[in-house]
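Kindly produce the complete structure, drawing on both the sequences and the hints.
Number of protein chains: 4
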Amino acid sequence: MKDRWKHLRKNLFRSVEPKIELVLMSEPQGRFKQLLTTEIAPGFTARASHESKGATKDDIRLNKLLIKRGHHTPLEAVCFTFRVYGITKSLQNQWVRHRIGVGWTYRSTRNISADQNEFVYCTYDYLNNEEKVKKLLRIDEATAEEAVYSYGRKIELGATKQDARKIMPVELNCSGYFFCNARALRHLFSLRLKKEAEWEIRRMSQMLLEIVLRETPSLFEDFICQ
Amino acid sequence: MKDRWKHLRKNLFRSVEPKIELVLMSEPQGRFKQLLTTEIAPGFTARASHESKGATKDDIRLNKLLIKRGHHTPLEAVCFTFRVYGITKSLQNQWVRHRIGVGWTYRSTRNISADQNEFVYCTYDYLNNEEKVKKLLRIDEATAEEAVYSYGRKIELGATKQDARKIMPVELNCSGYFFCNARALRHLFSLRLKKEAEWEIRRMSQMLLEIVLRETPSLFEDFICQ
Amino acid sequence: MKDRWKHLRKNLFRSVEPKIELVLMSEPQGRFKQLLTTEIAPGFTARASHESKGATKDDIRLNKLLIKRGHHTPLEAVCFTFRVYGITKSLQNQWVRHRIGVGWTYRSTRNISADQNEFVYCTYDYLNNEEKVKKLLRIDEATAEEAVYSYGRKIELGATKQDARKIMPVELNCSGYFFCNARALRHLFSLRLKKEAEWEIRRMSQMLLEIVLRETPSLFEDFICQ
Amino acid sequence: MKDRWKHLRKNLFRSVEPKIELVLMSEPQGRFKQLLTTEIAPGFTARASHESKGATKDDIRLNKLLIKRGHHTPLEAVCFTFRVYGITKSLQNQWVRHRIGVGWTYRSTRNISADQNEFVYCTYDYLNNEEKVKKLLRIDEATAEEAVYSYGRKIELGATKQDARKIMPVELNCSGYFFCNARALRHLFSLRLKKEAEWEIRRMSQMLLEIVLRETPSLFEDFICQ
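Residue numbers (the numbering used here), protein chains in the order written: chain A, 1 to 226; chain B, 1 to 226; chain C, 1 to 226; chain D, 1 to 226.
Derived by calculation from the structure, the hints in this document are not laboratory data.
Calculated cross-link-like contacts (lysine-lysine; reagent style DSBU-like; alpha-carbon spacing at most 35 Å): (1) A/Lys33 x D/Lys53; (2) A/Lys134 x A/Lys2; (3) B/Lys161 x A/Lys195; (4) B/Lys57 x B/Lys19; (5) C/Lys10 x C/Lys195; (6) C/Lys161 x D/Lys135.
On the chain D side, residues computed to face chain C include the following (Cβ under 7 Å): (7) Arg99; (8) Lys154; (9) Gly158; (10) Asp163.
Since this is a predicted model, take the numbers as computed values, not measurements.
Backbone N, C-alpha and C fix where the C-beta goes; we use that ideal spot for every residue, glycine too.
Quick look at the structure:
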């Protein structure tokens, strides 16, 4: 993603950009600190089934073999929690369709006043004409401004927060925490890093991939350059 | 739910009301047609663990006992598919947070042109002042009208359908199919029929409950009057 | 599987052979009886996402396309319950490692007296020497006879049923009911029909496949001859 | 559990006792090391839905409130991997019936020669008569000895390892790794720490509880003395 129109989003009404941070990750405990690292946990625990032994580099090789052969259960040894910020309701809705090995806690617009809502604007990377992109972003921005105004008006008229928010646009920022294990994350990547995936969930998947490649490269490196 | 302002929603812009229909349900096959009905399938299959035998009325009693004791696995023998229509993106988002024993296929605004979008308006049942309700519904309607207009304008300017839809409000109608087993449906009811649940998902749960009470009453009758 | 030594198992101590029956299956309800069959339910419900329409033969084609493209959620519309009989504890233990879209109720040796236990003997199809097979089956049979005797002795000495059964061999017959949807069943087939799979779970998978091919062929026919 | 006959098990044929160790656990990363601990991760991430802030002792209180109110999703932030040793096939079979938020890799008797098999003997804690306990353990031991002998004989006659093992008794030692999150572990405890639970899985649950009480007490302390 080139994101060549990024500068046009900077001063838009309550514009925010996506951000992902690693919050928690599985780490070896007690005497196991000497025996394994987070990265080699799948290979290390998989050896249980064959009672084989091996050095770190053997476990790395075993990680890759398990992935290649589709023996994915040992990948459940490695769990992550991410803080996610700057994603639209549209992305959120695609994301929560994943059901296995994943969990979320989200900012609830049922409980929080929406008058502080922020918005995530489109990249329109596929358009070449800057004037058209400006016009599109002006529509997106006007929709956001109008929604915040209407929300306030609805609250004044006596609507509950949960009813007032129903006029909020899909582009509104949802943030929260995402829990997953390495197996489920690989499944997410296999679907959402594809060229056919929606650009926003693909952008988020790319950001997630960059983080886990730093932590446990052998579990995810086959997704590079996909 | 009294729904005393229903008449005010009738002529609103592309206003639709919720509707749920039972599409498929587990039914006995071959020689088992003589031995069990859909309703008694949980009790009937649960007998496997004790090799006990009983008549239909014993299986009904066993159904209730399994539920009371928290032995819920045999409820997975009974599966349903529902067609769901007239629910907001807000309801959809709460609903898909359920992960176990459930599945969905939804109308995709990524693939379908959103210029035919319909909308589900709030009931505002908790308000006594008709004039205020009219004003609130006028805001909700104007948001919907504006969104359909802006969507068309964005398409003209070259936005893809998946980007154009990001200005659609949360009140837009999502429709689709819902797959679940009786165990997962009970879990949904236990959370979403509560007084504290959001009114829209509670309304939908009440509609689902009415359908399954007709088909397999002993599996759900403890939820009546909750 | 040729099962050429089947005749040698016939008169062994409490010898039973595997048997699988279809107990329940998803079937269309009400007005949907005119619109779809069990088999086309995945294609029919998948159309929700694109609001497309089609005849039965289009839905059959769509079924196959969904499978090929890995869009497996609509397969969750079709659910099965099977009665399973004549499987060893060893098979049961492999089987229950499947976790998603599946459920079981089993005969409980914790609750039922094990003195009526039956046994499932090996096929030894890979051996050419009948005398060796007879000797092996004699060892298997003697183990079963000895276990039933020791079980009775333990009960006499005051052991609980759940403790007495711990000397039962893995070859003991477990029976029960199996709940699954078409998606989970395809996953089972993809692993357990392979040449590398253990022969007993492969035999059971083959028996399951034969049943569902009769009911919903387009959902499973790519597994024929695997 | 008093385990008053423990001394009688000491010299039995290949007798092993259960042992559980914590191998991996979720831990805060990067800047989050200053903001949270493993224990407060559920409360900390749950705040996302209300955008509230609080000190460590508030998060501990929030942990307990989430548990009490049945808002269990944030417990999925905390994941564990345990090494498990000295459990029977009977316990393993009950355990793997848990399906959600859990995973295992086990020693495979399909792949490993069973002639090194070990055995886990019953406690018979409910019996008062030492002579009877000795007789029961003698039966259990003889079954194990006989099984190891028969296994060797079957291998000599040409049986595969996976067929030879089918005469192994249920009391044989299974070992492996167990992956779970705090939510799933609480579910396990709620069923398996009960007085009605089988003594062996109850013993294992008690051992697991002791470990996690040291690490994240507020997530599990309501199970003490159950």
